[in-house]
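Undergrad: One letter stands for each residue in the lines below.
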Amino acid sequence: MTYLVAAALRRSAVAGPDAGPRQPRDFRRFNLPVQLALAAAAEVVPAAQDPTAMAVVSLAPCHNGSPELYRWVQNADTARSRGATAPARMNPTYTLHVIDNLALSAFVIAHGSDGYYLGVGGAPGQAWCGLEAVRERLDGGREREALLMAGDQGGAGDALDGSGVALLFSVRRTAYAPLGRPVELLAIERSPRPEPQPVSAHAAEGLCALLHAVAHHGVGALAYEVPPQHTDGIDRVTVRLRVA
Amino acid sequence: MIDARHRVVVTGCGTVSAIATTAPAFWEALLAGRSGIGRIPRLVAAQLPVTTGGEVTAVPPDRADRDVALANQAIDEALDAAHLHRDGAAFIWATGLDTYQQGEQGPVFRPSGSCFAALSRPFREPRRMIAAACAAGTQAIGEAYWNIRAGRIAACVAGGSSCLLSPFYIMGFAALQALATDDGGDPCTACRPFDRRRRGFALSDGAAALVLESLEAARRRGAPVLAEVVGFGMSQDGFDLNRPPEDGRGAVRCLHRAVEDAGLAPSDVDAVNAHATGTLVGDRAEAAAIRRFFGSDWKRKAVSSLKGAIGHAMAAAGALEAVAAVATCRTGLVPPTVNLHDPDEDCELRHVIGRPHEDDVRTVVSTSFGMGGQNAAVVFRRFP
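Protein chains in written order, with the working numbering: chain A, 17 to 260; chain B, 5 to 388.
Just chain A, with the same shape it has in the complex:
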């Protein structure tokens, strides 16, 4: 049995010095997708019984990097085309922005988790691989709780339209706070599409849409058919849940 216990969404329409999510000072050096994922995760962790033992599944952004790194690449290339000598020095803090699953490591350091972990890459549709991993771990009896988190933005050079999401699951039958009712994750079903579909690479948006569907669903079974753009374009994906 796998139950959705808590969830959080964080959005940042405009990223600026004061527009980012509130979180520990140390997190400010990270790029926006990582900040948003960590901020969302921090909201759901208090609902966990033991954050040190839960499984942590973290989705990497669809692009590594940050606007700062992008600018460095462009500046270095411009300088080189003008016959400049060695490229300008790179700020070591910015190099953190390329780590493919920085949010996972930062979360573990902050919360002391040392159970199962899985860093899932930023290819289209990988959110459902992450959700499958959560279910495998909890239904397999390996852990009692699991966190799934993601943060992303439009592109590595784009600090706009960022979103972060975190979902906490448990084997305990517990009410999902926004609904006041237990929400059970029953299955993630896949079947091949006859033709590949266009997709949109964004680690967080698919899960945000799932939570929106859960929030607007009444009591009973929910067969959430994932919109094609949130899949890998190869499979049709259906998430089956039941709101008690």
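For the record, the hints were derived by calculation from the structure and aren't laboratory data.
These figures come from a predicted structure and were not determined experimentally.
Note that beta-carbon positions come from the ideal geometry of N, C-alpha and C, so glycine has one too.
One or more of the hints may lead you astray.
[Claimed, not checked] Beta-carbon label-pair distances, calculated as ranges: (1) A:T94 <-> B:G267: 53 to 59 Å; (2) B:G267 <-> A:R189: 30 to 36 Å; (3) B:D251 <-> A:P243: 31 to 37 Å; (4) A:G99 <-> B:R90: 43 to 49 Å; (5) B:H89 <-> A:H228: 38 to 44 Å; (6) B:P64 <-> A:L195: 52 to 58 Å; (7) B:V48 <-> A:P214: 40 to 46 Å; (8) A:P243 <-> B:V112: 28 to 34 Å; (9) B:E264 <-> A:R258: 49 to 55 Å.
[As the list claims (entries may be wrong)] Residues from chain B shown here face chain A by an in silico Cβ test under 10 Å; the list is partial: (10) D102; (11) W150; (12) A319.
Let chain A serve as the given structure and place chain B on it in line with the hints.
TA: Just chain B now, with coordinates in the frame of chain A:
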């Protein structure tokens, strides 16, 4: 005795690296102690502080889809060796970081997710992309192993690829003081794992693929069995984003979990294919971890690192090392650590220096310790 449906074997390997473009040639070069690290003209032209690396010459550096081509070469070799087609296997793969290929109009951005998407069709599901820094290749193999052992899938191509030899990453890792900067010496000696004179790692490109399947499926197909996968473990340092704890305690937990998963004790392990990249802090912590893991037995356990020969291929590193571990299980030979001549006293281990270690090695643990503190280890055993 574990049921054949839940035993997992390796039936094919493929590699592309700085020293060779096939798995058999890769193994031959490792045993010969050859280095594929060299001076790279485009890095020299860019006047970077680091101009050495492990370039794969089989795929031209200016090819726009170089990341995909490198990976496909290793995947195709592994599938051919296993007599399997893509639509007969799942796909768990690490493509590492986004790449910046040099195009005619400047750097061309290549998202690693796009590379994965291009590779993943027509594999069966799960098609899972692993992102765990330098531990990603090993984690991909471990995830495939667990999924097959649990009976969820029968066969899987697992491994990783990396295509990072660009000014962007050279500058980035140099800023972290992780790379061996040029010292005017022979570029082949840039990376010296566990050596007193080590100065950092040499960045390299590469790819490696393993076909894993249930023993039952392999027998049914009459596929060749190269080795058995018997355990997988992981841990998180939870310590610091840039360095491991000095006593390597996160790595120790990872090693113990891997052998426990295999139903073995540390004394059952014959050799370690170490992550050791040639950094001051990382090698010291890893050596401490290996000594603690084996306890008083450590002086009898052969330890070897491939990074002196092939450099650090990031997401591909663990997969390349796994291919070597499989070959060690088959042959009993442990390749030498290239460029290790004067072991650091802080890195005291039973190193393999100068020539291969011959001692009928049957059980090998292959380790990866990633930036950010993500650790993974896979245990391979000779089959039968």
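Undergrad: Are the hints correct? Go through all of them and say.
TA: How the hints compare with the structure:
no., hint, result
1, A:T94 <-> B:G267: 53 to 59 Å, "holds (58 Å)"
2, B:G267 <-> A:R189: 30 to 36 Å, "holds (34 Å)"
3, B:D251 <-> A:P243: 31 to 37 Å, "violated (49 Å)"
4, A:G99 <-> B:R90: 43 to 49 Å, "holds (46 Å)"
5, B:H89 <-> A:H228: 38 to 44 Å, "holds (40 Å)"
6, B:P64 <-> A:L195: 52 to 58 Å, "holds (56 Å)"
7, B:V48 <-> A:P214: 40 to 46 Å, "holds (42 Å)"
8, A:P243 <-> B:V112: 28 to 34 Å, "holds (30 Å)"
9, B:E264 <-> A:R258: 49 to 55 Å, "violated (36 Å)"
10, D102, "holds (5 Å)"
11, W150, "holds (8 Å)"
12, A319, "holds (8 Å)"
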